[in-house]
Structure formats: C-alpha cells, structure tokens
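Chemist: These protein sequence lines map, in sequence, to chains A and B.
Here full-length UniProt numbering is used: the first residue of the first sequence is 1, the next is one more, and so on.
Here full-length UniProt numbering is used: the first residue of the second sequence is 1, the next is one more, and so on.
Be aware that a few hints might be false.
[Claimed, not checked] Here are the simulated SDA-like cross-link-like pairs (lysine to any residue), alpha carbons at most 20 Å apart as the crow flies: (1) Lys664(A) - Ala189(B); (2) Lys579(A) - Pro630(A); (3) Lys664(A) - His190(B).
[Claimed, not checked] From the structure, some residues in chain B lie toward chain A, with a derived Cβ separation under 10 Å: (4) Val51; (5) His190; (6) Arg276.
FYI, nobody ran anything at the bench for these hints, they're computed from the structure.
This one's a predicted model, so the numbers in the text were calculated from it and none came from an experiment.
All C-beta atoms, glycine included, are put in the ideal place defined by N, C-alpha and C.
Single-letter residue listing:
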Amino acid sequence: MTTIEEAPPAAPEIGKDRRRKEDQRLITGRTRWTDNIALPGMLHLAMVRSPHAHAKILSIDIEAADKSLNIYEVFTGKHLAETQGVVVNAWPITTEQKTPDHLPMAIDEVHFAGEIVAVVAARTAAEARDAAELVDVEYELLPAVLDLKEAAEDKVLAHPSLGTNKTAFWQLDSAGQGTGRAIDEVIEEARADGIVIEREYRQQRLIPAFMEPRSVVVDPTGEQITMWSATQIPHITRFLLAATTGVPESKIRVIAPDVGGGFGGKLQTTPEEWITWATARKIGKPCKYTETRSESLISAHHGRDQWQKLTLAATKEGKVTGLKVDLLADLGAYVGVVGGGVPVLGAWMFNAIYKWDAYQFNCTPVLTNKTWVDAYRGAGRPEATYAIERLMDELAVEVGKDPLEIREMNWIKHEEFPFTTVAGMTYDSGNYEAATAKAKEMFGYDALRAEQKQRRESGDKVQLGIGISTFTEMCGLAPSRVLGSLNYGAGGWEHATVRMLPTGKVEVITGASAHGQGHETAFSQIVADRLGVPFEDVEILHGDTQVSHKGLDTYGSRSLVVGGEALVLAADKVIEKAKPLAAHLLEANAEDLEFSAGRYSVKGTDQGIGIAEVALATFAAHNYPEGMEPGIDAESTYDPVNFSFPHGTHLCAAEVDTETGQVKLRKYVCVDDIGNIINPLIVSGQVHGGLVQGIAQALWEEAVYDDSGTLVSGSFVDYLLPTAADTINFEIDHTTSPSTTNTLGTKGVGEAGTIASTPAVVNAVVDAVRQFGVNDILMPCTPERVWSAIHGSDPGKDTVEGAMPHFDGGNQEDNQ
Amino acid sequence: MIPARFDYVAPTSVEEALQALAEHGDEAKILAGGQSLLPVLRMRLNAPEWVIDLGKIDALRGIRDDGDAIVIGALTTHHDVMHDALVEEHALLIKKAATEVADAQVRHRGTFGGALAHADPAGDLGAPALALGAEFVIAGSGGTRTVGADDFFVDLFETAIGEDEILTEVRIPKHTGWGAHYAKFVRVAHQWPIVAVAATVKADGGTISEARVGLTNMGSTPLRARGVEEALAGATASEDGVREAAAKAADGTNPPSDLNGSAEYRRHLATVLTRRAVAAAAGG
Ligand SMILES: Cc1cc2nc3c(=O)[nH]c(=O)nc-3n(C[C@H](O)[C@H](O)[C@H](O)COP(=O)(O)OP(=O)(O)OC[C@H]3O[C@@H](n4cnc5c(N)ncnc54)[C@H](O)[C@@H]3O)c2cc1C
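Assemble the whole structure, with the sequences as input and the hints as a guide.
Modeler: Here's what the structure looks like:
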C-alpha cells in the first residue's frame, strides 16, 4: 500500500492512507505505559489470590509476610473494609436483576479461583511478591458450580446468599413489541408444512488477551488523587470511583496513558484498581500494581461463553419465517460493568440482514464459580452472527440450494432501506447484493466450488470447504435515549473540544480513549479537512480526565461514528465563531464571507484571511468586534440518533486433512461496507486484526477449567493465540453505502472482522466434511474434533482438562 | 512474574562449574539458555538458592568433526545447530528438528544441551537424538562418563545426569547421506508438538535399506519406534510402501491426554505422521 505523505495541501485528508502518527512512539517504546510510571516514594503491590473456586475464608495470617524484608503494609479485606468501595454493574438488564455484591477484596467468601484476598505493599515488586507467598489463608471449601447448564439448574449455588444462579430473564418478542408475528405460531406452521431446524451451538469461553497487562498507579499525595490505569474507560472509572468510594469527583483525576490493547478486556472497573486506590489512600503513598500474565489470564474478565438453543422456521422453498433463541450466558462469578448486557446486545442481531415474520429472543445470564465474563470484541453480536450464519448454511443444505442463494432469498434488498427489522432496529443503509457480488468475484467462487466437487468425487484425502458469512452488526454505542430505555447506567454521547492555538496549531480533545486504534491519526485527518489546516498541525489529546473532562471512552466501535461526529460539530462551531472576527479584520460583512480550505474570503474578491491568523488575532485581542469574546475555541457533545450498521460478505475456503483433522485456511475474502472511509490503512489494520480474532475463536482459542475450577489454559502455552505464522493473506475490499445518520457517512469497523469471520470459518470446515454426515463441530474446531467428526465419533466432546507441563519445576520439594 | 531470590555464579570452566555444583548440591540449578529454566523460576515452580550460569564456558560451545561422529557442545544454540554444515551433512535429522523448535527468539537463546537435559517429552530434540543413537558426555567430580541414548532419558523431565553433574557434549554418529524428515504436528506455529515423528532413512533406488524412527510426546520420554524401523527394511520409499510399517508406530506407547488431544488421537496421529515422515525422508 502506498503512503501519500507529500500530497498537495489542498487534497483532502479523508481517504488518505496515512501511516499512524502514534506508531512511532508506540513501536519504539518512546512512551510511558502505566507500568513505566515511577513516582517518588512509590510502593509496589502484590495480590494474594484464592486458589479455590468457592470457599469460606476462615482466617488470614499475615504475620510472616508483614515481618519480611521492606514490607510496608499487608491488608486483608477486613482492613480495607468500606474504604475499598465496590465494583459495580452499570447495566442491570431488568429491574429485578439479582446481582451479587462485588467487593474488590473478598472478606468472608471467595467465588472464583483468582479472587483477591490480601494485598502486600513493599519497597520493591520482588519483595512484595516474596511476602505475598507468605500470607497464609485458611479456607473451608464450598461446593463450586462450574458448568453453565448445571448452574442454570440451581442445584449448587455460586453465591448461596442469592438463592439462585440465574441473575435475570430478558426477552425480546416480535409479537409483544409489535414488530412481527408470534413465534410459536410461525414455528407450528413450519412444522406442519415447511422446515424447522433445531440446533444447539456453543460459544466457548475466550480470553481477551490484550498485549499490555493491566497496570495501575495511584498517587494520593496531591490535592487531587490521581490514578493512572491501563484502561479503556478513564471517564467511567472516575465517575465510579467517586460514586463508590465517596471521594468527590472533583478530587479525582484518572489518566489512561498509552494503553496497549483492550478488545473489551479493559472495558471494566477492576478489583485491582479499587484495591490499589484504597491501599494508596490508607498508606498515603503512591502505589503501583502491575499484573503478571498468569494473573491476567485468571482474573481479567473473559468473553463469550454461551449455549444457544435455536429453532429456525422456514418455508419448503427456504424463505425463513422466524427464529426462536434461548440463550444461557455464563457471567462467571460476578456481574461485570456491562455484564448481562453483553448477551442482550445480541438480541437485535440474530435476525441479521434478513426479513422474517416472527422472532423471539430469550436470555438468562447465569452465575458460576469461574472468572467473570464481560465484553470482548463484538460483545453479543459475534455470538448472534455465528448462530444465524451457521443456521443459514444448514437451511441451504435442507433445501438443497447454494448457501449464497438462500441468503439472497432472505435478505433486505438495497432499495428497501431504511428498513425496520423484526427485532425493531432501523437500518439506515446497505447493499448486500453489491458486497456479495464483489466478494464472489474476488473469491473465484465458482472455480472453488468446482474444485470442491472434484475433490469429493476423487475421495481426495484433503477436502475443501467453502464458508459464508453475510453479516451485519450494530455498533456506535449508542443513542442515549435507547440506552435509557434498556436500563443502562449511562448515556451514549461523546464530547469534543477544538482549541485554536495562537501559533496556528490546533489542539483537539476527545472523550474517546484510544488504546491502539489510531484515533490520533484518523481524528487529525478529519479536523485537518474541516478546518483546512495541515494534518501535522493537529494534535489529539485524550485519556486524561483533567484534559478531557468529559467523555464516554472507547468500545463498541463508537469512537469514529460518535466521537468523530462530535469533532465535526466542534470544528464547525469554531468556523462559525471565528467568522465575525474574520469579517471584522477584513472590514467586510460576515454574510459576505465564505469558508473553505482554511480561509475566509469575501465572495467575489481576492480578499481573505486564514483561520490561523484569526486565531492569532484572538490571542493578541487588540482588535476584535464589540460584543464578541476574544476566543474561538469550541466544544460539542454529540448524542447519536441511531446505531451504526456496517455489513459485509465474508467468504472462506478451508482445506481439511481428513487423516488428521487439521484445518488449513486456503483463501479468505471479505468485502465490508463501512460507509465512507477516513483512513484505508487503519481500516485494513482493524479488519485484519478483527479477522484473526474471529478465526481464532473458530479454530484455536478456548478457556478451559478443570473440575475443581482451576483455569487449565492459564498460560499462553495452553491458551492458543495465533501469530502471523498461522494466518493467510486476507483479500479485503469495500463497497460504500454511506451512513445517513452522521455527517461523515461513516460506520464502525472496530469489531466487524471479529463478528463476521467465526461463522465463515466454521461453515467452511463443516462444508468440507459434510459428506461424511457431519453437520456441526464444536468450537474451537481442533484437529481432534474434526477428525472425530469425520470418523463418526463425537465431535462435540469437551476438551480434555489437562495442560502441557513444559515448565515443570523439577525438584519441587525444594520449593516448599 | 518475579522469581524468588537466588544467588548467582558464572564460572568460566567446567571444573569451576562442577565445584560450584558440589558445593551447593541440590540447592543449585544450572542455567544454559534459560528458555525453560527462567519460566520455571518466574512462575515459582522451583526456587533454587543458587543459579550456576554456564554461559561463560566457551569450551561448551560449537560443533566439531570427530571421525565417525559429530560432536555438539551442550551450549550450542538451536540457531547455530540448524545452520551448521556438519550437522546438515551428517545428521540432517537434527537440523530438521532444530528448525522446528519454537520461534527464532527462543532458538537464538535455547541450547542443544539444555533442551536435552530438560527432557520435556514434548521437546523436539529428544526423539531425533534417540533415533540417531546419540551419546551423551556427562562430566562429574569423578570425571567424565558417556551414556547411550537408550539410557539417557529416564522419565518426564528426568535424565541420567546426576545432581552434581553437567552435560558437556553430545556425540551423534554420522548418518551421512541419509534422508531425514521431522513431522511436527501443531495447532499454532509456535507450539510444542502435540506429536512429532523424527525419521531418517537410507534408501537406494527407491527401496529403504535402513531406517531410524523416533517419537516425540508419545510417552514420558522420547521413544524409538523399533517395530516400525524393522518393518521398514526393504520397503518401497513411498507413502503406500511404508503404510503397513507405519501402522505400528503407536505400538507400546503411552501418550498423554491434554488440552491438545486425547491419548487415542495421539496414537492415531503417530501412525499418520510416521508414514508421512518416513516417505518424505526417503524422498517418496
Ligand atoms: C516460548 C517457548 C517455546 C518453546 N517451544 C519449544 C518447542 O517448540 N520445541 C522444543 O523442543 N522446545 C521448545 N522450547 C524450549 C527450548 O527448546 C529450550 O531451549 C530448552 O528446553 C532448554 O534449553 P535452554 O538452553 O534454554 O536450557 P535452560 O532453560 O537454561 O535449562 C533447562 C534445564 O536443563 C538444565 N540444564 C541446562 N543445561 C544443562 C547442562 N549442560 N547440563 C545439565 N543440566 C543442564 C537446567 O538446569 C534446567 O533444569 C520453548 C521455549 C520457550 C520459552
């Protein structure tokens, strides 16, 4: 890809393949991650964690730890007591939701292996760790509930005091809300004279596995208490610190410096942050806690983990009439900040790009004694997309049609937009025909189908499968009123400020909080175009609540479609605000001025003045019109009017070695329609990364617990993250149906690849081996599962709960 | 993660290293490339009081020709092994396997001796060393002894090296002109093998005259598939020609069951991989 660095200044920035300006410092390490922050007198913390999934804490002996070298303090939950605040769920999905209290540090009872029971503060991180090993906790084991389906039966309780594991029941019913017919009727009709497909799909538990482990520093020594945290949500963290610890919000400053990835895994307010906060305040010295990778894997929230029971009704010809979804969602031991809201976000997406008569979504989020589960890239939508895109392939087989044809029979036609779906969402724009046609051609669909046929007929030991996913998703969280109607604890607006500096430079402040997405570059491109200033002159500031006082942070593919729009509005306000001054300086009438390419000009003359000059004039303030203040900075808060609905057609060809079950990707083509594109290079990066994360769910990743509740895949030896060596060259392209709900015509792209790719891959794998009588393989499609499926044994059996012991300690008796 | 406290010494000769070992005995651990020991220390699976770093003993590094064998110094890195001309000419199987170890970073630090001493049954070098009939030269306070491959691997993470001894070099009998292939089965590229098969064969005119086959991760130690080896003598050098012999690959093995596969699946894989590895080694 070419980088157009020396394009003439007049060429629009939007649409340029700009390299990311933040990368130089991020890649070379010329930045400060939270763990690089060192303050005078700072103490280091180490956490003592429960090895048990469910237990009573009988006693905690801290004496040996307290007496060891350079130890400052050791605190248990009893010591911190009410000073530690609580960790909250911001989205109780029903008013009756049963939410267990979540203390940052457990006092009486632990509910998952990894929960914190004590903290050690020491002069060095090593001393803290050594002393943490000496804290002696006596537990009384309680029965743990680990399996999601068993948990739903309420025989063993994750939190006995709640009386149930089921936190809530949430339903969307097309008949009830008036967006369609009654589902049971439609299913009855199909049973009598049509097709009913019933399936149960598993969304295995995943671990977000961001690159930078979580880290937090709290400095209680100034007038404001400052927290640096590797978080996606500094603004929400500040608000919740104030709300739960009683410190006035004005005395709290939260900074998310450069943050190394999140994928939703840092969309959380964490026990570690709250404990560091409480410990630093209690001791009166700055404290730092940085987790190890092992701690990260067991205690940072996980993602997915659902059982989906699905009943699809269709006519004999393959026209879908309705879908009923019964979802069990494992929340783990606590309800996280989004919590049950994650599976609920899928409610509007099971119907995807299709037109049906009836739809019902039933969701029961359930507690178990495992690590908590919350948002992970896509959050609710990948699960929904997986289910429907797998079902569409199954329907195609049932009807005997090509799976693309079945989709075309059922999807919304481009001339039908805006379209209100059976779930009640109004899609603003899209063109599924165009994206599919382009993808089909790039893929060489017909030739690959021919090859597949030939391999089947010749009984080749390597079989070929073709998988399809014609996805859409809803992102750009979210119109505040809609969130309010869903009982969500916050709004969905975003804030921006544009500050015109006297030297002509522009400072832009955004409430979105990037953690690897490239906002600094894309946002600079938008502002450069809007104000007609050079790209290099725009600086994007974010992530520090003292600089960016207002914001709702970064998740749900919202930064561009919501935060970008706030920027546009703020920049437009600057242009309007500066106009009277420009007119004054030009000795012209404001009505006679037009603004373009950074200049106000008097219509029909060659007279004009640049916006930088106007900014300088406000600095000197020697000469400005009566009644105007000498300032042209402006801010804006934008509340989106709708969600954003990107879509795309993803086609995957996979080869299956029938002798070993090994799956090899052969070709992957995707044509995503994300509306107008600000920076194609950044978009490619988002798509590539998204694809790999989605493919990883299909083929590699799975968090596995043993029957005592220990995370077996507790290191990267056993939790298989792919690297570049495991992927292929993705062929990506776009069609463009600009969004009609924002000025820039953009749609979100942060999660699209992850949402779309998982079913494309599994559809390809199943398609490759369908002739052996296979119609499903549990994810991840490990070689063993695929091989078992081909050879008629159970492809749905659970992963063996054992880790490889590569780092066995040898003479362990030395280590007691 | 942060390891527990330990003291550190870096001797410059094998004698000094042995002295240090004698002094600290089972409170000490030897450090070679650190690619297995450091994770163990960092995860606090072991907490030795002393770490004796062999890194400064240059005599333990390098590969030399010794008549009917080549000799690989214990501290030679995987990277140096896989790029060595002697290894390529006389022990192609070792080169093939070394190439498959982990990733480039680990191969630049991890050592041949360290990997064999660590004796991870999923390690990539044990089976090739076993298949080629390597001899392990072990130095102790009483002098030097040589242990044959069949006696070297004792159990999971356990070898014939005593607590006060050091593996100094490994002699690999020359297999000049033998074809070789290391078939490593993984789910993602940087993984230890779920199962791997190390095969080296002497083939004349499309017929296998002699074969050596080693199995990785099919038991608590690397294994030699002797039944396969015997059945291969005289076989045609093709996948079909070796099919019957390869079917014996899992005989008498006791592979583990873990996240990556059940024992039953591993047994199946061993036969497929053996067929493919032998055929590839024979150029078939
Ligand atoms: C991410 C990662 C991936 C890996 N993947 C693979 C893989 O795919 N395949 C594979 O085979 N290996 C893999 N390894 C392991 C790697 O090959 C190591 O190099 C090897 O296991 C140990 O060699 P070392 O030199 O690093 O030894 P060290 O870690 O220094 O030592 C290992 C053990 O051997 C002992 N020891 C070392 N040298 C001697 C000696 N000369 N005499 C007596 N005892 C000694 C030590 O005391 C210690 O107990 C991987 C390692 C990592 C970190």
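Chemist: So which of the earlier hints does this model not fit?
Modeler: 4
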